[in-house]
Amino acid sequence: MKFHKSFETKDSRFVLRLDDFTSTLPEEYLSVLGDITIYDVALYNEGIHETNKKVDILAFKEICDYLLSFLKDNPKTIFYFYCDDRNRPPKLRREISMQKFRSELFHCLYERYVSDKKSIMEHIIRIDDKEISKRELYIHLIYPALAEEKAMELKNVISEQASK
Amino acid sequence: MEKQITIVKVTSEKGKKFLDRLREMKQENLKDLEAYVNQYLWKTNQK
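So the sequence lines, in the order shown, correspond to chains A and B.
Read in order, the letters of the first sequence correspond to residues 1 to 164 in this note's numbering.
Read in order, the letters of the second sequence correspond to residues 1 to 47 in this note's numbering.
The set of hints was computed from the structure by calculation and includes no laboratory data.
Heads up, some of the hints might be wrong.
[Stated by the list, open to error] Simulated restraints, written as ranges between beta carbons of each label pair:
1) B:E34 / A:Y113: 19 to 27 Å
2) B:I5 / A:I57: 21 to 29 Å
3) A:D116 / B:Q39: 21 to 29 Å
4) A:E153 / B:K14: 15 to 23 Å
5) A:D65 / B:Q39: 20 to 28 Å
Small disclaimer: the values here were computed from a predicted structure and weren't measured.
We treat Cβ as the ideally placed atom computed from N, Cα and C, and that holds for glycine.
Work out the full structure: start from the sequences and follow the hints.
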């Protein structure tokens, strides 16, 4: 199942997609999830290729509010944010990778917009693949407290698979 | 509240392949989203 929602402010147009990720996961994940649904969260910014485009904080607030209200309405949900490497970080942050930049951004948004951190939780998985592929990956799991046990099982599966 | 983080180290080709698969899944989702947006914008522009 896929949900699309667009957000338009004076300066930006974003399209957010929640994509049911559960069915595309390998067997080893499905066995631990039970009735939990995982959504891959993807965001398309129409102005992303314009280098001078500033981040529209109002649009981000609106997107975060929507995601939080989705979790409140669907407590058996885990949001899966894979920090991808498309594009480059802004000029002032060129010393870090795009993945790390996105990870820091997600965490800042969580800190800023989630007021009750016992109800909506965040867990970050940092995968050090420098030895083999010279890269570092970040996956953020955001979930309501009700899904905490399953989110930790999912985290364990990802960690085990990555460190095999 | 303290940042909740798990750090994992990849030490073998098996782990690398698993990460490649996760990256591919994300790339496909992003491509698919881009195609959706282009179609949506195209339709809007036709009106």
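Evaluation of the provided hints:
Our hint of 19 to 27 Å for E34 of chain B and Y113 of chain A holds, since their Cβ atoms are close to 26 Å apart. At about 25 Å, the beta-carbon gap between I5 of chain B and I57 of chain A stays in the expected band of 21 to 29 Å. Between D116 of chain A and Q39 of chain B the CB atoms are about 38 Å apart, so this pair departs from the stated range of 21 to 29 Å. Here the CB-CB span from E153 of chain A to K14 of chain B is close to 20 Å, well matched to the stated 15 to 23 Å.
At about 27 Å, the CB distance of D65 of chain A to Q39 of chain B agrees with the hint of 20 to 28 Å.
Consistency note: the structure conflicts with earlier hint 3 alone.
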